[in-house]
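Asks: The residues making up each chain are set out below.
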Amino acid sequence: MKTRFVDSGFKKAVTLLALSVAVLTCLLVYNMAANAVPAMQKFGPAFLFTSTWDPVKEIFGALPFIYGTIVSSALALLIAVPVSLGIAVYLAELAPLYIRQPLNFLIELLAAIPSVVYGLWGIFVLAPFLRDIAQPFLSNYLGFLPVFKGEFYGVGMLTAGIILSIMIIPTISSISREVFLTVPFTQREAASALGATRWETIRLAVLGYAKPGVMGAVILGLGRALGETMAVTMVIGNRPEISASLFAPSYTMASVIANEFIEATSNLYLSALIEVGLILFFVTLLINIAARALIWKVLSKAKIANI
Amino acid sequence: MNNCKKRKIIDKIMCFASFFCAFLTSTILIIIFGYVISKGAASVNIDFFIHMPMPVGEPGGGMGNAITGSLILIGLSCLWSVPVGILGGIFLSEFGNNKLGAMVRFAADVLNGIPSIVIGIFAYTMFVLPMKSFSAISGAFALGIIMIPTIMRTSEEMLRMVPNNLREASLALGISQFRTITSVVLKTALPGIVTGVLLAIARIAGETAPLLFTAFGNRFWHQGLNQPIAALPLQIFVYAISPFDDWHRQAWAGAFVLIVMVFLISLISRLALRRKI
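The listed protein sequences correspond, in order, to chains A and B. Heads up: the first sequence begins at 1 in the working numbering, then just goes up one per residue. Heads up: the second sequence begins at 1 in the working numbering, then just goes up one per residue.
Quick caveat, the hints were computed from the structure, so don't treat them as lab data. The reader is advised that the hints may include incorrect statements.
Mimicking PhoX-like on lysine-lysine, the simulated pairs with C-alpha atoms at most 25 Å apart in a straight line are [as the list claims (entries may be wrong)]: (1) A/Lys11 to B/Lys99; (2) B/Lys99 to A/Lys297; (3) A/Lys297 to A/Lys211.
Residues of chain A clear of chain B, computed beta-carbon distances all greater than 12 Å [what the hints assert, rightly or not]: (4) Pro45; (5) Ile59; (6) Ala74; (7) Tyr153; (8) Ala231.
All of these numbers come straight from a predicted model, not from anything done at the bench. Glycine included, every Cβ here is placed at the ideal spot set by N, Cα and C.
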């Protein structure tokens, strides 16, 4: 009798605790939405499409931040995707067996570096390097493109994109690598038997087969990039302007929250910032669901929890 | 024949490009480490660990309060997220093959994907607004939320890896389900679960964004759980964006200590897992 009581009590207790996680998630959405209501009522959908951000007059439009987030993340993907795929191919297909493990460990170490350390490195090493060397170079040779025009500040969209790309490379490359490893060996043998070179085997048999998983990895990387706060805040320059040039300072959704939340004295200001957070939440939620659905297709369910 | 040569050249180029990507990325890692070590290690000394920050302009001082603050925050967040995470993991693996389990799994995945700054806002609305003060508790709440999904899903996986024979053998001996789970299943899976907890700690040790408007930072020693508290990553951030050279130097030192801390934790967690296999 006592045993049954203890058993059912234990089951109820763990169920309750597990449910509390679900409740917490719902509470998060509700709480943020409730606190964002004043801004939603005042500005409506125009919040997403106006580019004035004036705390003094209390006019808030999130367009510059949305633009900054999208462009910095796109830039990060542009750099990180080819590099990560290169790493994943090398680690899964080409590298001599004895260096696969250590190299994999090295790449994964990148993921363990705290984002504030990336920011520190970005401010004091990457930004001066870009300002003094890379940006004059780009402007000299590719200056006819509007993206490479303007003053050299060091901090700005380009710096943020590069830092972000370094931060998401381990995510994309490690998942892609795992996806490549699930490609059946017969696929590669078939391609080789038809006379394909090493690269053709990889392109036809491995990359073709692993496409959905790689897409998932890329989207997951995008999710990381969109929500990344500290490193970006430290190097993007924090100016709410939309500029075609990648050299110009910009602002992202996450970094405006990080910078201005404490200063937000009025209710409407705070509410506008929370609405920015809410948008960020829903975007990353959709992206993560999409990514998981894609990776699920390829990897077994068990492996996914570690991602 | 020409075509064949072209294919071989493309093969060479692409394979080299692939190698170059791996080489480039490891080089960047080494460069980052090089900077942190060369700029940071020189400034790390005993004073750095036992002193509070000095006012601007006075040399010396350290991040002692930030380091203890970080440890307190980590301890506090473990205090509530480790039980919730592990017991939630037990629910998922032992009783979770139903709709409820799927729901909890989904919730954990959602939490896992949320940008940490958003979790900071949530903690702000939950604790800072009602209490009208930044506090260590709100910071620990935010960090705990970040830890829970990791702990829960790794615990679930580790518990699932325990062979069903063990459960059946224990139940066949007439041992209650509660005792079976706690003394047999949990005990077998323990190294893996410890790994999950350590990984979660390594992840939050460097978190800055959710602490900006919860723990807030403090220039003094720990003053109570309902008061703002210093944290190492926060201090690094504040010092890094300050205009003072001496503070920049300390920021590098803080980064060095932080990285060593995070890597030690990751290393221990890897060792814990290896011993099991």
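Asks: For each hint, tell me whether it holds in the structure or not.
Replies: Structure-based check of each hint:
1. A distance of roughly 16 Å separates the Cα atoms of lysine 11 of chain A and lysine 99 of chain B; the hinted pair therefore holds under the 25 Å criterion.
2. Between the alpha carbons of lysine 99 of chain B and lysine 297 of chain A the distance comes to roughly 21 Å, so the proposed pair stays at or under 25 Å and holds.
3. Our distance criterion of 25 Å between C-alpha atoms is met by lysine 297 of chain A and lysine 211 of chain A, whose separation comes to about 10 Å.
4. Non-interface status of proline 45 of chain A relative to chain B is upheld: no Cβ of that chain comes within 12 Å, the nearest being about 21 Å off.
5. Residue-level check passed: isoleucine 59 of chain A sits 22 Å from the nearest beta carbon of chain B, beyond 12 Å.
6. Consistency note on alanine 74 of chain A: stated as away from chain B, and its beta-carbon is indeed over 12 Å from all of that chain's, at 17 Å minimum.
7. Remark: the non-interface label on tyrosine 153 of chain A is consistent with the geometry, its nearest Cβ contact in chain B lying 15 Å away (cut-off 12 Å).
8. A beta-carbon of chain B comes within 12 Å of the beta-carbon of alanine 231 of chain A; the shortest separation is about 9 Å.
In this structure, only the earlier hint numbered 8 is contradicted, and the remaining ones agree with it.
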